[in-house]
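Undergrad: Read off the chains here:
Protein chains: 2
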Amino acid sequence: MKYVFVNDDFFEENKAFIRTSDLALQRGYGVFDFFKTRNNKPLFLEDYLDRFFNSANEMFITIPISRAQLKENIFKLIEKNNIPESGIRITATGGYSPDGYSPVQGNIIIQQQLLVQPSQEKFDAGLRIATHEYMRDLPSVKSINYIMGVWLQKQLREKQLDDVLYFKNNIITEFPRSNVFMVTGGTKLLTPGKNVLAGVTRKKIFAFAPGLLPTSIADISLNELKSADEVFMTSTTRRILPVVEIDGVKIGNGKPGKITGELYRIFVEAEEKEMRMY
Amino acid sequence: MKYVFVNDDFFEENKAFIRTSDLALQRGYGVFDFFKTRNNKPLFLEDYLDRFFNSANEMFITIPISRAQLKENIFKLIEKNNIPESGIRITATGGYSPDGYSPVQGNIIIQQQLLVQPSQEKFDAGLRIATHEYMRDLPSVKSINYIMGVWLQKQLREKQLDDVLYFKNNIITEFPRSNVFMVTGGTKLLTPGKNVLAGVTRKKIFAFAPGLLPTSIADISLNELKSADEVFMTSTTRRILPVVEIDGVKIGNGKPGKITGELYRIFVEAEEKEMRMY
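Same order as they appear, the protein sequences are chains P and W. First residue of the first sequence? That's -17 in this note's numbering, and the numbers climb one at a time after it. First residue of the second sequence? That's -17 in this note's numbering, and the numbers climb one at a time after it.
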């Protein structure tokens, strides 16, 4: 039986509840974050906690426990559940709001699930994606609102596509759950900086990539993206995955790019190093 | 003790729960509707149920009970709670999704709360509002996502304003929880038709107003709105309330308009008539 932490205690998964008056259920109001464990070790935990507390702060949600207490309960959950390769989600809801519209003290949920990382076959095949004009409500915040991302799934399935990239006024931003990068001119790595979530994997790429090629933030149009040498997405769940087709247009030669592969190798090494730090 | 209906039974309010794996908590994914009772009679119920089932359908949420069963449980809740003047909220969440991202069979919640309609003083004072560029994710759907509306509350409180009107590319759309109308040229009633929720009170105005003055749907710019003779909002909770100031600009003479008052009187009469139909 898997456990879920809610506010101040651990509950069996099917007995982990939130009351129906919570602002997350009433108004979709809440924030979360998601990190992974390998061999029961949470990777880059401090980066994710930074973002989680920042999201809550930007959305005026009070987190009723300290960062130290949150960490303590994350490690307790890891021990209790023993799912060595996992994803852990921490959520702060808008709380039990008396007027059903104003955020109050949040309810805290920590959930864990088995996480299978994409296979080498998945990497080699690359992703075929669509684009869609949309911007998340407060792009710098990791809110729980994924209405558009979830809603678009049906269309993607019907077209047998892997994901959808958002853009706004012709400038690309992010995937519903991932960031985007492009390699251009054979030697430059670019990623959007406006209206995007500051992904932790994205941040790591920014730390490692300059050793390999010049890396910068830029406004990238849909057309510029489609004529890139290489395009890839970064996310906690999927690490780095090449994008080989956008709106039916092949990227480069339609195969995963060399720099994408190199960055993937460097990123996996960084994960291994992080694991050894415990 | 107040009761809440969840899926197939009635629970005391503080024992009405949803499991933490629900897609509403995970991804803010759910739909709802909200109607009121007067003297324990639900007003314009069929209109609200039409919209509720339509919202669920548009968001691929399966409602596990029939319309007849839903109505039966609404009437049971009204009887059990006995809150004659109330608001009733029906919610269909995205459900307990195995992958945490795909909508499945929804969880159904029916909640009731005391509802105090705005006083005559509130009507006479009118509303002072701001404007904000934003569009809800799927505007024709009454989803649970109110992140922007809730988030803007703090700014409104600081500026001592009553509400915020959304616009998109300079064309006005709706309030977070209400529709907007304007009277122009002394004799024409206009309301936006694009990117708005089809409000039930708005629908009633469309039924009654043509007896009073020509009524139509139109694209209305921010400037046109600010130079209107009268502006008012319509909603289930607030019925009809005059807007007397927008972004610091006085509307008309800064007092509730004559046509607004007349429509209010006609609408309250329609509610009384609806009550007598039971």
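Honestly, the hints are just simulated from the structure, not real lab data. Please note that a few of the clues may not be correct.
Identical copies go unnamed one by one, so any copy, or any two together, can satisfy a pair.
Unchecked claim - DSS-like, lysine-lysine: derived pairs with alpha carbons at most 30 Å apart: (1) Lys240 x Lys(-3); (2) Lys58 x Lys141; (3) Lys176 x Lys136; (4) Lys(-3) x Lys232; (5) Lys53 x Lys150; (6) Lys208 x Lys255; (7) Lys136 x Lys104; (8) Lys176 x Lys150; (9) Lys170 x Lys23.
Undergrad: Work down the list of hints and note, for each, if the structure agrees.
TA: Evaluation of the provided hints:
1. Lys240 x Lys(-3): neither (48 Å within a copy, 56 Å between copies)
2. Lys58 x Lys141: Answer is neither: 43 Å inside a copy and 45 Å across each miss the 30 Å cutoff.
3. Lys176 x Lys136: Answer is both; intra-copy 28 Å and inter-copy 24 Å each pass.
4. Lys(-3) x Lys232: Result: close neither inside a copy nor across copies, 48 Å intra and 54 Å inter.
5. Lys53 x Lys150: neither (37 Å within a copy, 42 Å between copies)
6. Lys208 x Lys255: Neither: 34 Å inside a copy, 60 Å across copies.
7. Lys136 x Lys104: within (21 Å within a copy, 45 Å between copies)
8. Lys176 x Lys150: both (10 Å within a copy, 19 Å between copies)
9. Lys170 x Lys23: neither (34 Å within a copy, 67 Å between copies)
When held up to the earlier numbered hints, the structure conflicts with 1, 2, 4, 5, 6 and 9 and fits the remainder.
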